[in-house]
Amino acid sequence: MSTKQLSRRNFLKLAAASSTGAVVGYLGPLSNIASAQDTVELTFGRHWEAAFRPRQAEYDEGFMERHPDIKISITYNTWADHNNVVPAWAAAGTLPDVIYVHGSRATPWAHEGIIIDIHDIVVADEEFNVDGMWEESVRLYRVNGRIHALPYDHGPIILGYNKDMFDAAGMDYPSEDWTMEDMAAAAIELTDADMGVWGWDGRLDLGNGGGGFFTGAWGGVHMNEDETAMTMDTPEVRAALNHWYNLTHVEGAGASGTEMEAFPNSQPFRAGVAAMGHIATWSTPSMRALANFEWDVAPTPMGPDGSRYTGAFGSGYGITPTSDKPDTAWTYLREYLSLDGMIFMWSLSGRGSPARPEGLEVWLNSDPAPPSGRYFLEAMFDYAVTGPPFQSLAAAQVSNILTREADLLRLGETTVDDAIAAITEEGNAALDSVADM
Amino acid sequence: MFRRIMRPISPSARREERIFYLFILPWLIGLILFNAGPVFGMLGLSFTDWRISLDDLQFIGLDNYSKLFADPIFWTSVGNTLYIVVGRVVFGVSFALLLAILLNQKVPGIAFFRAVYYLPTVTAGVAVALVWIWIFNPRLGILNHTLKQIGITGPPWIHSSTWVKPSLILMSMFSVGPIMIILLAGLQGVPKELYESAEIDGAGNWAKFRNVTLPMLSPVLFFVIIISVVSSFQNFTEIRVMTEGGPGESSNVMIWYLWKHAFIFLNLGVAAAVAWIMFVILMALTGLQFRLGRRWVYYEGEAR
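Residue numbers (my numbering), protein chains in the order written: chain L, 23 to 459; chain H, 2 to 305.
Keep in mind that a hint or two might mislead.
Quick list of in silico lysine to any residue cross-link-like pairs, SDA-like style, CA-CA up to 20 Å [as the list claims (entries may be wrong)]:
(1) Lys68/H - Asp454/L
(2) Lys68/H - Ser308/L
(3) Lys68/H - Asp458/L
(4) Lys68/H - Met459/L
(5) Lys149/H - Ala215/L
(6) Lys68/H - Val456/L
(7) Lys149/H - Asp216/L
(8) Lys166/H - Phe113/H
Examples of chain L residues lying across from chain H (beta carbon under 7 Å, computed) [what the hints assert, rightly or not]:
(9) Glu134
(10) Glu283
(11) Arg356
(12) Ala418
(13) Glu435
(14) Thr437
With beta-carbon atoms standing in for the labels, derived distance ranges [as the list claims (entries may be wrong)]:
(15) Leu131/H - Asp194/L: 36 to 44 Å
(16) Ser95/L - Ser219/H: 51 to 59 Å
(17) Glu71/L - Ser219/H: 48 to 56 Å
(18) Ile96/L - Ala116/H: 40 to 48 Å
Hints are computed from structural coordinates only; laboratory data are not their basis. Virtual Cβ for every residue (Gly too), placed ideally from N, Cα, C.
Put together the whole structure using the sequences plus the hints.
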């Protein structure tokens with residue numbers, strides 16, 4: 023594995039250089055020249071959409087006021103392209119100092135030397151409270167037990183529902199003691215094929231965030247703990263997927279893959295034609311902006327044995343090996359990812375999913391947070407688990423297989439048994455291919 | 002001995018030769034640096050375990066090729082590619098020829114129609130793909146809406162493993178502007194005397210098309226078939242924007258398979274091997290076309 027750390031020697035050198043700079047700063051007329059020369063440019067590779075960039079600019083302006091010796095320069099990629107652009111930057115040796123790292127990319131990017139090991143610098147910084155982050159969120163960035171990036175957001179997938187549709191049908195809202203059977207029964211009752219309305223949005227994710235929404239409730243697990251083998255060929259996973267399949271394709275209470283395409287971002291729930299759907303904290307701003315109905319959230323329904331489970335996932339930032347100023351990069355990240363930084367960027371802005379519980383508490387009072395938003399917090403504390411695959415070097419291949427089979431299931435082009443067989447066979451082959459890397 | 006075989010070159014011919022090479026030198030340098038160089042560099046990298054860094058490359062011989070040949074999805078991508086290439090070339094060139102013949106008629110306002118049919122070509126590929134996503138939308142798309150008006154329930158188009166490849170071929174037929182223009186130019190170059198002679202011999206429209214137009218147009222057709230085959234192999238935008246190789250692997254073509262290995266799976270050595278296999282297939286197909294072309298391409302003034 024290729025990694026680069028900020029050595030103590032380099033840290034002392036830079037600290038000495040900074041002290042010298044501070045002394046020179048007092049030398050009257052020379053001070054202006056010295057500060058101009060000592061300004062360090064910190065480059066970033068981010069992916070925010072245009073609407074969120076002013077918030078970022080506001081934060082960065084404040085940071086540069088606090089640190090006049092640091093100038094921030096950002097390259098924005100689109101969300102869809104960022105993960106493809108970064109390897110190209112890496113191959114060309116043109117990586118910026120700090121990059122956005124989706125949780126699924128931390129392990130392969132650490133392995134390829136795209137992000138450096140920052141474990142020592144993080145744990146040595148007593149003012150930076152890494153223990154105040156959700157452990158499930160930091161877990162994404164631990165590679166061989168060492169921290170290679172840090173999360174800014176992390177959130178669970180729980181149940182969202184359209185209050186107007188429940189009210190119109192005279193039905194009670196989803197409650198804390200709902201089971202998957204209760205959800206299915208309500209979905210069937212709320213479906214009106216003639217009106218083009220479904221009780222459930224039909225969504226099925228098998229990887230990362232939404233991966234365990236159904237299967238976890240039945241006690242199914244997609245991969246073993248160290249992500250060396252697929253574990254989906256079990257009665258639990260089969261029962262869970264059959265439950266989803268019957269609800270969607272037999273009862274017609276969920277939109278099929280083809281039907282979903284009629285709606286922006288393939289989201290019939292947000293479009294107001296499905297009474298229930300998956301919802302994550304990061305999707306609440308778009309719900310707030312686009313949903314023209316009253317909505318709220320409820321805990322993920324329980325499985326047949328009363329257990330509750332959901333997937334959680336998130337994103338973070340890492341420092342690259344081509345950066346010749348990792349200390350400056352850390353100066354930025356330690357503030358940006360502190361509780362105050364997260365509250366400014368993700369809580370008060372309503373963006374959601376800050377990777378610290380206190381940050382999520384503050385977010386609950388923001389505009390986009392639904393009335394029962396505390397269920398997100400409870401999910402994180404009680405039952406959300408970071409969804410695999412993210413630890414294996416074959417995570418991208420396995421995700422690709424899971425997504426493909428989920429798509430085919432949604433379209434009704436494969437059966438549950440065939441999907442499980444394909445995932446097991448191809449997934450294990452992909453995992454075996456990286457076993458000795 | 003070599004000197005005896007070679008014909009002597011006059012000083013003026015030598016000077017002309019030097020000037021020729023001087024003029025093509027910028028292009029030649031570009032070809033070597035930016036085309037041939039990367040192509041052969043890629044061949045070398047296809048024998049390595051290249052992932053991101055070029056620093057610690059290990060020579061692994063033919064391992065990347067062995068992995069590819071053992072991967073059923075690679076063969077699916079080869080099959081999908083050939084399906085789409087054949088469809089695009091057969092239907093695309095036929096449609097372009099039909100359009101060129103129609104736009105070669107002397108009717109008022111023909112320049113307007115020529116511009117309209119060329120318009121999709123000057124529109125950004127991503128924009129065209131986004132429009133087609135909506136055209137193909139099973140519930141809201143204009144295609145199924147139109148079919149519904151005549152009592153036909155339209156298929157799911159790009160959201161079905163069965164229909165996705167025909168959909169992509171259908172879509173490609175609306176981007177035949179460049180080859181239509183080339184064929185139109187070819188049609189306008191057919192000597193009118195030949196048609197007049199054919200008419201004197203009593204030939205009808207079909208006989209004129211078959212015995213005059215097609216033979217005279219055959220060098221142009223040969224050219225557009227070759228460039229259509231090459232561009233069909235390189236068709237990436239539509240797959241990236243519209244289908245991402247799905248549903249399942251039903252539109253996973255070689256260029257998409259290559260891209261995923263390079264930028265998603267970070268297996269750049271494998272991607273380099275795919276690129277070389279594509280290169281070899283394209284060279285073989287082009288060679289085959291030249292060989293077959295001898296049977297049907299007619300060059301005016303050529304001795305047979």
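How the hints compare with the structure:
The straight-line distance between the Cα atoms of Lys68/H and Asp454/L is roughly 13 Å, inside the 20 Å bound, and the hint therefore holds. Distance check on the hinted pair: Lys68/H and Ser308/L sit about 43 Å apart at the alpha-carbon level, beyond 20 Å; violated. A C-alpha spacing of about 16 Å is found between Lys68/H and Asp458/L, which places the hinted pair at or below 20 Å, so the restraint holds. A hinted pair counts as satisfied when its Cα atoms are at most 20 Å apart, and Lys68/H with Met459/L qualifies at roughly 16 Å.
For the suggested pair Lys149/H and Ala215/L, the alpha carbons sit about 19 Å apart, so the restraint of at most 20 Å is met. Distance check on the hinted pair: Lys68/H and Val456/L sit about 13 Å apart at the alpha-carbon level, within 20 Å; holds. Proposed proximity of Lys149/H and Asp216/L is supported: the alpha carbons are some 17 Å apart, at most 20 Å. Of the supplied pair hints, the one linking Lys166/H and Phe113/H is violated, its CA atoms being roughly 32 Å apart against a limit of 20 Å.
For Glu134/L, the suggested interface contact is upheld, since its CB lies about 4 Å from the closest CB of chain H, less than 7 Å. Hint status for Glu283/L relative to chain H: holds, with the closest Cβ pair at about 6 Å, below 7 Å. For Arg356/L, the suggested interface contact is broken, since its CB lies about 27 Å from the closest CB of chain H, more than 7 Å. Taking 7 Å as the C-beta cut-off, the interface hint given for Ala418/L holds, the closest approach to chain H being about 5 Å.
For the restraint placing Glu435/L at the interface with chain H, the shortest Cβ-Cβ distance is roughly 6 Å, inside the 7 Å limit, so the hint holds. For Thr437/L, the interface hint is violated, since its Cβ never comes within 7 Å of a Cβ in chain H; the closest pair sits about 13 Å apart. The hint said 36 to 44 Å for the Cβ distance between Leu131/H and Asp194/L, and at roughly 42 Å that hint holds. In this structure the supplied range 51 to 59 Å holds for Ser95/L paired with Ser219/H, their Cβ-Cβ distance being about 57 Å.
For Glu71/L and Ser219/H, the hinted distance range of 48 to 56 Å is satisfied, since their beta carbons lie about 52 Å from each other. In this structure, Ile96/L and Ala116/H meet the distance hint of 40 to 48 Å, their C-beta atoms being roughly 42 Å apart.
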